[in-house]
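*Asks:* Chains as they are written, first to last, in the numbering used here: chain X, 1 to 374; chain B, 1 to 374; chain L, 1 to 374; chain D, 1 to 374.
FYI, nobody ran anything at the bench for these hints, they're computed from the structure.
None of these values were measured; they are calculated from a predicted model.
Each hint should be verified, as a subset may be incorrect.
Since copy identity is lost for identical chains, a pair holds within one copy or between any two.
Taking lysine to any residue pairs in the SDA-like style, the calculated list, with each CA pair at most 25 Å apart, reads [as the list claims (entries may be wrong)]:
#: 1; residue 1: K4; residue 2: D243
#: 2; residue 1: K2; residue 2: G180
#: 3; residue 1: K2; residue 2: L183
This is what each chain is made of:
Number of protein chains: 4
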Amino acid sequence: MKAKLERIPPAVITAADYARLAAEHIPEPIRAYIDGGSGDERTLAANTAAFARRPLMNRVLRDLAAGSTATRVLDTPLAHPIMLAPVAHHGLVHGDAECATAAGAAAADALMVVSTLASRTLEEIAAAGDGTQWFQLYWQDSRAGTLALAERAARAGYGALVFTADAPVAHVPERAVRAGFALPPELSPANLASTPAPRRALEPGASVVFQGFMGDAPRWDDVAWLAARSPLPVLLKGVLHADDAVRAIDAGLAGVIVSNHGGRTLDGLPASLDCLAAVRAAVGATATVLLDGGIRRGSDVVIALALGADAVLVGRPQLHGLAVAGALGVAHVVRLIREELELAMALAGCATIADIDAQALFTPAPGEVPRTVC
Amino acid sequence: MKAKLERIPPAVITAADYARLAAEHIPEPIRAYIDGGSGDERTLAANTAAFARRPLMNRVLRDLAAGSTATRVLDTPLAHPIMLAPVAHHGLVHGDAECATAAGAAAADALMVVSTLASRTLEEIAAAGDGTQWFQLYWQDSRAGTLALAERAARAGYGALVFTADAPVAHVPERAVRAGFALPPELSPANLASTPAPRRALEPGASVVFQGFMGDAPRWDDVAWLAARSPLPVLLKGVLHADDAVRAIDAGLAGVIVSNHGGRTLDGLPASLDCLAAVRAAVGATATVLLDGGIRRGSDVVIALALGADAVLVGRPQLHGLAVAGALGVAHVVRLIREELELAMALAGCATIADIDAQALFTPAPGEVPRTVC
Amino acid sequence: MKAKLERIPPAVITAADYARLAAEHIPEPIRAYIDGGSGDERTLAANTAAFARRPLMNRVLRDLAAGSTATRVLDTPLAHPIMLAPVAHHGLVHGDAECATAAGAAAADALMVVSTLASRTLEEIAAAGDGTQWFQLYWQDSRAGTLALAERAARAGYGALVFTADAPVAHVPERAVRAGFALPPELSPANLASTPAPRRALEPGASVVFQGFMGDAPRWDDVAWLAARSPLPVLLKGVLHADDAVRAIDAGLAGVIVSNHGGRTLDGLPASLDCLAAVRAAVGATATVLLDGGIRRGSDVVIALALGADAVLVGRPQLHGLAVAGALGVAHVVRLIREELELAMALAGCATIADIDAQALFTPAPGEVPRTVC
Amino acid sequence: MKAKLERIPPAVITAADYARLAAEHIPEPIRAYIDGGSGDERTLAANTAAFARRPLMNRVLRDLAAGSTATRVLDTPLAHPIMLAPVAHHGLVHGDAECATAAGAAAADALMVVSTLASRTLEEIAAAGDGTQWFQLYWQDSRAGTLALAERAARAGYGALVFTADAPVAHVPERAVRAGFALPPELSPANLASTPAPRRALEPGASVVFQGFMGDAPRWDDVAWLAARSPLPVLLKGVLHADDAVRAIDAGLAGVIVSNHGGRTLDGLPASLDCLAAVRAAVGATATVLLDGGIRRGSDVVIALALGADAVLVGRPQLHGLAVAGALGVAHVVRLIREELELAMALAGCATIADIDAQALFTPAPGEVPRTVC
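So here's chain X without its partners, still in its complex pose (with noise of 0.2 Å):
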């Protein structure tokens, strides 16, 4: 494996390019488990694939001179809406782990959702970070364990929860498997408890997924309880049907996130993309959605915004810039989606964050295919 890398290469211009050199820098198995979608990755290639499906238009001779990517998500500025989705175990690419990233992210104006599965503690990851750093809250088996969780992250300083509704069972992609993937021991979630509860026995014919992991899974009043008791505005992640995100807002959350968990769960899901405009027009202007899953461009964002998000977050990309370079290489995949959004806002003839609505869209003529794509 190579060393990472201190200075940025000239002929890294984009985030693909870190997915590229990331080859280089992860032993194959890991970069399986990070590449990899669940079964035939149909929906991971649908999450990048939806934004090829829409084009974007051309605004010409509007005067920009004032334009922005600054914006508020959740009652917090933001340099930009470019966020860093939560990821487990980031030490599987760097010594420092989310430190490193928290790091980068700082670096970059980017705010950071830490994901419960971190290879270091929240608190030091705070510590890292420059404070605008949401968690992640993966459900504790229980309501008690779950909220205690969430109170231990308001102290350390984090200023919102996402809570993952669409990842009840574990999955590990079918290529890291094939690929001999396995969390190394000493990985092992820094946040959670020295030793899990046991699992609860199963009847005989039982299974494993239903009275198993479903068993222990948590349902809408876990939720709406979570969100009356807690210290912070919650968002629900991973919905993408209407009728749910429009659940979570009834329950009291914040806002939802739309996402498919990046293609890793149940392969067959839509494009989150394609999910969007639905989930934006069922719960109103003013709920907090989020888009997650194939942002990959500046122009992503824009189309994503285009379609309804307030914000997106980017997954593997900070990963991959996080095995090149570390803080460096987080901090350049952002800045790097940030000056390419910036270029299509200006191209697009839009000065703010606000600006971007549905007209920066191309829209076919009736009966015609919107593609850029063959």
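Chain X is fixed; fit chains B, L and D onto it per the hints.
*Replies:* Leaving out everything else, chains B, L and D in the frame of chain X:
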């Protein structure tokens, strides 16, 4: 050729792995015969591709602790809706032929449909199974001959008959012809009379197809006659058109199997999945409708059930499992698909088979194309 | 180059096999000339691809014992609706040229349309056939010259004329130009005057296309004049637009051949199949409408007839058969397509050619895309 | 690198042949700069692919003996509607740069649009041409500077100005960056002041895009000011949105060029062709509308004119011709496209440029997808 495996290698995690491995365990002409389809194999390809065009939808935070794949078909309780489709000549890939398959099916709680063209007698196969078996019936030149075979199946303990209507003409895939495939003489169907009835001589200028094969083929009144006298309920297999499905029900049949014979008869037919919803709509909610063709994943089962099937039949994968690891392989193939089905149900928010309806599929916005692949 | 085969190898089971084998029997420049299309060969590809987008539908258990492919076109009884399209210069691939083709056509009960640009005289070709032949007519610089050729064809026993309207400019596929193709001098068309009329000199600045070729090209009144005086019924070949088809009937022609000249004139035209239904709808049920372009399988014939054709013409495959195995190859190509047609009719539940209508095609649910291929 | 050809090899029969040959005559970084597009080159690919989705329609037996490609644009009589698009830095591929191009354009009767970023002075280029030239104008930091350049072009004999609105930010294709492309210093634009105005310093935190490039970019009132004072009619290039086209006409411009800058600015824009019909519909029949992007064949010209363009501009192919064979190559590229245009018009039944309307395109049946390619 490699010997049958006695343990499942850890990298075998999907039915597709068996399809790949089968190449090492079956001579090429036999594999071409099993895996091939008619003509240019458009229908063969369509059968699997159709599932990729039907995205699923996830639902979150539902209570699935009582979830189960149990269901009933023709009043038979089943642990899950994954059946083994009737496939001819299991002796091509395993010395114990259908007896090994039956043992594997029993181990995986799968209903097995035994082919008229089995390499073992139906009584032997019944003895090797667990009693949950149906018998597939080809027309036996006459009403009396056909009824006799049906009655023999009933005596042997089979629970229903599957009458195949869509293959009045024998068909070998072109790739099998090119590979030199021929049925070894020792594999002649064990259930048919040792001396087949001589074909009637054709007049000069007569068509082998029309005056030959179709002259001997069964018709609607034959099938109605059989259904009226059969000791077992009869399903009609090979129906794609809704009008044919309705006519089958009107003729006294217990239901239909929507199928294009695995893409092995008329190339150019649509995917069987693409015909399913219209058939279900035509016959109503109570008739039994099964789907055969292209099932490779548990998510495919959800899609088929969401479009109206009561259960599905799996064809080629059972032979791949049988070829690679015998009864163990058959059982493993079914178990893999069943486990994927449980996961897919859990992520789609469906606790029971009855919960799987059109809501489990993604409905794109009007004017948009539903797809997970480009 | 390999010599012509005298027996058909067992692996030759479709027309496509002849296309492949032809490469061994024809020098590359000639093969490029035969197989190529104009421009980027989009229309060439569209012609065959169009069939893949029109799924057939099966029907089961019908009485087809009296089935037959027999039909009538222009009051001529035909054993089947598979005709040989007019193709120039058979001498490029066989020493006996169109005489061998005619013998093969006769052996396969196929109506042959002989090209004006045949390598043998129309009288020789008529003598080699069985009397079921039509003659394709190019404009001969003048009404009188054209009528003279028509009358000569009538005297030789041809049953109808096919006037080609869509190729006023000679065209050689770009791949043939690149391969160095040139018509050998000894293959100059046998039916044309030995000394062609000198081209009129163009004025400076005049266009070779407009003032040259199109200045000499026939027009609607010429064709009407010919139809009124022709001793034989005249079909107009090369029609795609429904308005042109109607005008042809109004001009006294006996029918039209929907064709884009096998993708050899204007690249960018739609598949001829995609124009067929509109032409049939425009001219009504009684006018003769034939389809030329992309027929490679018996199932293609069913699709074309289902969309309104009375019969179809097969172009390149006849030359492939001729190149590989002479008259035997021509007959075999036709027989293979005819046998596939019988099978397709049987599986689609059509006993007669008249039974083939739009019901033989799969109609997808509203909003769905009909296709057998992705 | 190969020397320029002095004769055209016989296998060079389409513009695409020059694209291929150019690889032998241009160093790879320069070819990447010329042939590349921005981002993932989706828009670049869309520009050419869009033509394949618009099938033409043939019409037969019409009287085209008086046919001609002659037309008028901005009251200038043109032998044909194929113009040379403004392209920067011809010196990259030829020692005589735009002077050679101008000679080739004159030989092929093609109107040439000279770029502000030409490697030769506009006066030199005018002297090398035949008087049928327009001048493309980039904003020159101020109204006065821009008007001065416009007046200089008028004095040199240019007939119109093309103001480029869609590239306020300089852009080099990513593949060119990766190939190490840099503009050689001796190729600095010959028409710009020798010492460029210093960029204003940005405040800390300011955006290079918004406060930098866009702070200096022209706006609608600047363009209206220019149009009011320009000695020449002004066309606006880089318009895709119909509202921008209408605004341009309202601002006093003579017309618009529908263009996405050859896929070199915002990747993700639709094909310019896909925006054309809406622009024409919005500005009405009399405004001048040109189409730039993806023209490679004469049939493409017919498609563009059928969708509303008065004429088309050809970009990269002129550089390919220039690189391969200098002025001769430029002239040959234009002549090839013109000859294809004549053929396409003849086969589509269009005698004149004015005859080319929507009827020249194939209209599929309702519910069907128009396409010549899969």
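*Asks:* Determine for every hint whether it applies to the structure shown.
*Replies:* Hint check:
no. : hint      : in the structure
1   : K4 - D243 : neither (45 Å within a copy, 50 Å between copies)
2   : K2 - G180 : both (21 Å within a copy, 24 Å between copies)
3   : K2 - L183 : within (21 Å within a copy, 33 Å between copies)
In this structure, the one hint that does not hold is number 1.
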